[in-house]
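Peer 1: Sequence:
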Amino acid sequence: MDSNPVEITVVGQGWAAYPPERCAVSLAVRSDGRTAEAAAEPAHRLVKELAGLIDPLYNPSDGPIDAWSLDQVRHSRNRPFNHDGDQLPYVYQALATIEVKFSQIDVVDAFVYAVSALDGVDIEHFDWTLTEDSAAEKRRHVRTLAVQDAVEKAEAYAQSVGRTAITALAIADPGLLGVAAAHQEYAMAARAYKTADDGFELKPQDITMRTEVHARFAAS
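The working numbering applies: residue 1 is where the sequence shown begins, and numbers increase by one.
Be aware that one or more of the hints could be misleading.
[Stated by the list, open to error] Within a straight-line C-alpha distance of at most 30 Å, the following computed DSSO-like cross-link-like pairs (lysine-lysine) qualify:
#1 48 - 101
#2 138 - 153
#3 153 - 101
#4 203 - 101
#5 203 - 138
#6 203 - 48
[As the list claims (entries may be wrong)] Derived CB-CB ranges, DEER-like:
#7 164 - 134: 36 to 42 Å
#8 67 - 136: 55 to 61 Å
#9 131 - 152: 50 to 56 Å
#10 159 - 122: 55 to 61 Å
#11 28 - 110: 16 to 22 Å
#12 134 - 37: 43 to 49 Å
Keep in mind that the hints were calculated from the coordinates and are not lab data.
The beta carbon of each residue, even a glycine, is placed where N, CA and C say it ideally should be.
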């Protein structure tokens, strides 16, 4: 049997899913009226009500809300048309956006339940994430899984041609060994689901991290 080493090049893939640890909630305050003042007054009132819900929970060091921001109330106007095509008087709008960042996500559902009771406030979206330190640790773990997958593939290929030992020659990020990348590194996905059987409950999807490595081995 040929005793020359056989070169094996493989793609190793790793992935893992983790529950989110932080959440940013984006809110929009909207109101309209026949005058600019009639549109602005409800918007400013709603912003004050939201601030009243946020301030008791705000603590930049310990949370549960560690940051929040308010965009200024913006004003616009337009002239709608009726079903006959006639242009109607101006309708004035007021809009403000608020982002609330939670470091303790167990209180998000209660906050959202309270906010949803305010007429004129829309919950735009949720951004579920990990903490920076946690994300770095989990990325290392997913990288390790990808390398382990590459080793297992190389061992299986080596055994299929009668080789019993493999030696790593190169391990690289996708594309650096001349092999096209197939997956984006560390893709994350999370969505929020809402139910209202008894109150308000959020069910965020886990955050999924995926990565791949390209590796080259010599099998002997």
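Peer 1: Now, for every hint given, state plainly whether the structure supports it.
Peer 2: So, going through the hints one by one against the coordinates:
1. Pair hint residue 48 plus residue 101 holds up; C-alpha atoms about 18 Å apart against a cutoff of 30 Å.
2. With a C-alpha separation of about 23 Å, the suggested pair residue 138 and residue 153 falls inside the 30 Å cut-off, and the hint holds.
3. Between residue 153 and residue 101 the CA atoms are separated by roughly 43 Å; this puts the pair beyond 30 Å, and the hint is violated.
4. Proximity of residue 203 to residue 101 is assessed by CA-CA distance (about 17 Å); at most 30 Å being required, the pair is judged to hold.
5. A distance of roughly 22 Å separates the Cα atoms of residue 203 and residue 138; the hinted pair therefore holds under the 30 Å criterion.
6. Restraint check: the Cα-Cα separation between residue 203 and residue 48 comes to about 28 Å, which is no more than 30 Å; the hinted pair holds.
7. Between residue 164 and residue 134 the Cβ separation comes to about 40 Å, which falls inside the hinted range of 36 to 42 Å.
8. Residue 67 and residue 136 have their C-beta atoms about 20 Å apart, which leaves the hinted 55 to 61 Å range violated.
9. The beta-carbon spacing between residue 131 and residue 152, approximately 31 Å, falls outside the hinted interval of 50 to 56 Å.
10. With their beta carbons about 59 Å apart, residue 159 and residue 122 fall inside the hinted range of 55 to 61 Å.
11. A C-beta distance of roughly 20 Å is found between residue 28 and residue 110, which places it inside the suggested range of 16 to 22 Å.
12. The hinted range of 43 to 49 Å is satisfied by residue 134 and residue 37, whose Cβ atoms lie roughly 48 Å apart.
The structure fails hints 3, 8, 9 (numbered hints given earlier, in ascending order).
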